[in-house]
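Chemist: The chain contents come next:
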Amino acid sequence: ETGVTQTPRHLVMGMTNKKSLKCEQHLGHNAMYWYKQSAKKPLELMFVYSLEERVENNSVPSRFSPECPNSSHLFLHLHTLQPEDSALYLCASSQERTNGNQPQHFGDGTRLSIL
Amino acid sequence: GEDVEQSLFLSVREGDSSVINCTYTDSSSTYLYWYKQEPGAGLQLLTYIFSNMDMKQDQRLTVLLNKKDKHLSLRIADTQTGDSAIYFCAESTLTGGGNKLTFGTGTQLKVEL
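Protein sequence lines, in the order shown, are assigned to chains P and H. For the first sequence, position 20 (counting from the first letter as 1) is numbered 20 according to the working numbering, and the numbering increases by one without interruption. For the second sequence, position 82 (counting from the first letter as 1) is numbered 82 according to the working numbering, and the numbering increases by one without interruption.
These aren't lab readings, by the way, just hints derived from the structure by calculation. Treat the hints with care, since some could be wrong.
Here are the simulated lysine-lysine pairs, DSBU-like style, with alpha carbons at most 35 Å apart [stated by the list, open to error]:
#1 K100(H) - K36(P)
#2 K22(P) - K100(H)
#3 K100(H) - K40(P)
#4 K56(H) - K100(H)
#5 K36(H) - K36(P)
#6 K70(H) - K36(P)
#7 K100(H) - K70(H)
#8 K41(P) - K70(H)
#9 K41(P) - K67(H)
#10 K67(H) - K36(P)
#11 K67(H) - K22(P)
#12 K19(P) - K36(H)
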């Protein structure tokens, strides 16, 4: 039990499909993140939400669309993806602190495969 | 900018100590973290150290920080097969948008019998 739950765990979709990844955190945190993890590449930060406002968008293609309806839930809406988008998508949450100690707590990820 | 580097692989025998190394470039780092990722799972926070400390011990884990050389290490005593995983170091820096974590590429630890 990590405190951060991601669904689905696995997703296979065609390039023309539309799907959504869901993340829910039960830790009372006020910041949430989407990361992309590809083989042999560093973890890529995609989006950051703090207090339900998007504060960072790291040049992510528009075929990825995040949504944060409240501080406990985060979605990643997908449409018209490319084969290179196949990866493990990780959600994380943290509690913003002024002292700088802000460890992120991760879910188990959604393994996405684009056909 | 921030850059965090780690060696890709480490192989040790069960019962030996493992030392995983990490170097970072941003001298304004506030906290440094170690995460563990097992197959099919997300990143699990193992331990962290404040940038003004040089050592922290937590059961089998010892974190050493050389701030002058920007070098961080994680020592695992009495390494077990269950310690086989990928280990990521991460540095935390303050940005306009809040705290930002920059992760290394991860070190794959293999524990052999």
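Chemist: Taking the hints in turn, state whether each one holds.
Modeler: Hints, verified against the model:
1. In summary, the hint linking K100(H) to K36(P) is supported, as the alpha carbons are separated by about 16 Å, within the 35 Å threshold.
2. Distance hint between K22(P) and K100(H) is fulfilled; the C-alpha atoms sit about 22 Å from each other, no more than 35 Å.
3. Of the pairs offered as hints, the one joining K100(H) and K40(P) holds, with about 22 Å between alpha carbons and a cut-off of 35 Å not exceeded.
4. Between K56(H) and K100(H) the CA atoms are separated by roughly 22 Å; this keeps the pair inside 35 Å, and the hint holds.
5. Simply put, K36(H) and K36(P) have alpha-carbon atoms about 17 Å apart, close enough for the 35 Å limit, and the pair holds.
6. Our distance criterion of 35 Å between C-alpha atoms is met by K70(H) and K36(P), whose separation comes to about 26 Å.
7. Distance check on the hinted pair: K100(H) and K70(H) sit about 18 Å apart at the alpha-carbon level, within 35 Å; holds.
8. Between the alpha carbons of K41(P) and K70(H) the distance comes to roughly 22 Å, so the proposed pair stays at or under 35 Å and holds.
9. Only pairs whose Cα atoms come within 35 Å are accepted, and K41(P) paired with K67(H) is accepted, the gap being roughly 26 Å.
10. At roughly 29 Å between alpha-carbon atoms, K67(H) and K36(P) fall within 35 Å of each other, so this suggested pair holds.
11. The hinted pair formed by K67(H) and K22(P) fails the criterion: a straight-line CA distance of about 39 Å is larger than 35 Å.
12. A C-alpha spacing of about 29 Å is found between K19(P) and K36(H), which places the hinted pair at or below 35 Å, so the restraint holds.
Checked against the numbered hints given earlier, this structure breaks only hint 11.
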